[in-house]
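There are 2 protein chains.
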Amino acid sequence: MTETTGVTLARGFAASGVTAGLKPSGRPDVAVVQNLGPRMAAAAVFTTNRVFAAPVKWSRQAVADGQVQAVVLNSGGANACTGAAGFADSAATASRVAAELGLITDNVAVCSTGLIGLRLPMDRLLPGVAEACARLSPDGGSAAAQAIMTTDTVPKQAGVTRGGWSVGGMAKGAGMLAPGLATMLVVVTTDADLDAATLDRCLREATRVTFDRADSDGCMSTNDTVLLMASGASGVAPDEQEFAAALTEVCADLARQLIADAEGAAHEIAIEVVGAADERDAETVGREIARSNLFKCAIFGGDPNWGRVLAAIGVTDAAFDPDDLDVSFNGVMVCRGGQIGDDRALVDLRHRDVHVRVDLHAGDASATILTNDLTYDYVKENAEYST
Amino acid sequence: MTETTGVTLARGFAASGVTAGLKPSGRPDVAVVQNLGPRMAAAAVFTTNRVFAAPVKWSRQAVADGQVQAVVLNSGGANACTGAAGFADSAATASRVAAELGLITDNVAVCSTGLIGLRLPMDRLLPGVAEACARLSPDGGSAAAQAIMTTDTVPKQAGVTRGGWSVGGMAKGAGMLAPGLATMLVVVTTDADLDAATLDRCLREATRVTFDRADSDGCMSTNDTVLLMASGASGVAPDEQEFAAALTEVCADLARQLIADAEGAAHEIAIEVVGAADERDAETVGREIARSNLFKCAIFGGDPNWGRVLAAIGVTDAAFDPDDLDVSFNGVMVCRGGQIGDDRALVDLRHRDVHVRVDLHAGDASATILTNDLTYDYVKENAEYST
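Quick note, the sequences are listed as chains A and B, same order.
According to my numbering, the residues represented by the first sequence are 14 to 400, in order.
According to my numbering, the residues represented by the second sequence are 14 to 400, in order.
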């Protein structure tokens, strides 16, 4: 184990990141992560957007048999809305990796992020892919995490180690699986010895309570991908619950990093909904609040505006009585029983972290949704720059 | 007929607007519109938000029997999330109007708009109500339209005259029925001789294709109300279709004025969805695009970003094939068949009016959703000022 975090924390993986010249900035833009085995097990979840990019179509097929030997990722172009030619470009990219590394093309996943509607410059991408393959290293995780950045200001890596095995990962994007602000790409690796079906169950559960509950701006990308690969190199086959917990911890860490680095955000907001009749209700209420532009502007303005929170709750079909709703901002219950509560002047919203707690008083279920405020800089980034 | 537009265009109505001192600005804040008959027929539609304000609860009851003799409206306080005491305030307001004008309290509708979570200053409101009743005039429509303004920069009135009868109305707010940016209050009057059931059918159809399709920022208010009153003073009973068409024309005019005056907006955007399998699909797709912050920022930035339009369409359940989608901005088809189309440099987004046309190529139905862009000023207004 040569790294303390990221995709090369777990044994049996090599990674790299290089500059192919896809981005005007001249920053690294192509990464490869290879599973060296002995296992080649994999699972993945993808955007549920019906307009999905060519690499998503390719990777869905690649991972369908539960076997992935490597993944190649590029920033500087999403290869979305590019038709049959774009799909051929994804296939050619996988094929190049397979040729360089002696793998099967159908076992190479592909992820892309960047502008929609433009073909990738294959004359630059393919040599970059070859170079990335040549530079694969058991301590290349950080280089890979750098190469997948787009509007990210920092690379995002996470990792945990348990009894003899580890889970590590990297992420890019300031958004989420469903929906996503900018494309979210995540690669998680483990040297635990688990089969593809187990990985699939654990990954769906982990993403459901982490990435799926990070909702920066309500917009879902065409390219979102979370790929999990297991090498089995530890020789340890952990209990499924134990593995799922470790995987969820890594995913939660990466989700927090994504929200913390969301485009133009001034606050990271955790919306905790308790007292819900069921988890779906809690999630629905949290998500509706997270999508209220009025609420998000209020947080930017330092205003604990519980009226906007109630107005958002009111459009959901969750079980609640409007006269029972409690809303707290950073521990101050400014709305109690659907009416004015403690003095809002007691609420301090100057720090980046904001905790909004809603009690529906309708049951025992809860969920926390992570989101951001709506700022001048969000408008600026998304008005001035194309995605 | 003393007016050419507004709530006193139709015969059989008197209106007024006065300053009760509810607003720090000292601007007019209480309006009354009285139906002088001979008919007292009425219909109304209200916010579908489950957290609805006291005046909405009151007015639902008042209009339930199809009879409304007067409506009293105040800005400077929403009387929402104020519990039983707030409901009593609405009742007292209606009661004061009834006492001043010799009406039945249950036949007086009440509308409020302003801050959520605060009690109305009844010591100022009730004398203002009395003064408004004393000043009722057959040419008071413009004064009433002034008195219901909050963040509106201009009063909003509309009217049409047909063979011997008229429909006129006033509106405040920069939003819509469901959902609404800020509370939308609309009062429409007619001297057509129609019963409450006919008014109800016509109003539901008119609002469905006008206010319900104006979606400035996806947030639904606790107070939205559209009230229609008929005096029968013309003695003319128009054909229902003819009346519905005139009513829809007035509502469409007011809806356009609301979007044109939306908080902080720099562009008014008409999203026309054609080729839909049914009207619901067309509306769903238009609304999803209208709610995409990324799309709305792009318009602010003058960027005909069809990728963001496709990403929004892709999260709906509407019938379409991603490879068939056409998207035009101001007549330039920048996306054809789900891929890059004509040169986006041909699109000019410098003017306030923007027309986005989406062809789903899945049928013959269509719908147009009106919305705004997302701007620095929107963030500023909603970050710095409470609602």
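One should not assume that every hint holds.
Copies of the same chain look alike in the list, so a pair counts if it works inside one copy or between any two.
Claimed, not checked - Straight-line distance between alpha carbons at most 20 Å, and here's what the computed SDA-like set of lysine to any residue pairs gives: (1) 70 <-> 337; (2) 393 <-> 362; (3) 70 <-> 140; (4) 70 <-> 113; (5) 36 <-> 135; (6) 70 <-> 211; (7) 393 <-> 16; (8) 70 <-> 336; (9) 70 <-> 346; (10) 36 <-> 262; (11) 70 <-> 218.
I should point out that these hints are in silico values taken from the structure, not numbers from a laboratory.
Checking against the hints above, which ones are violated? 3, 4, 6, 7, 9, 10 and 11
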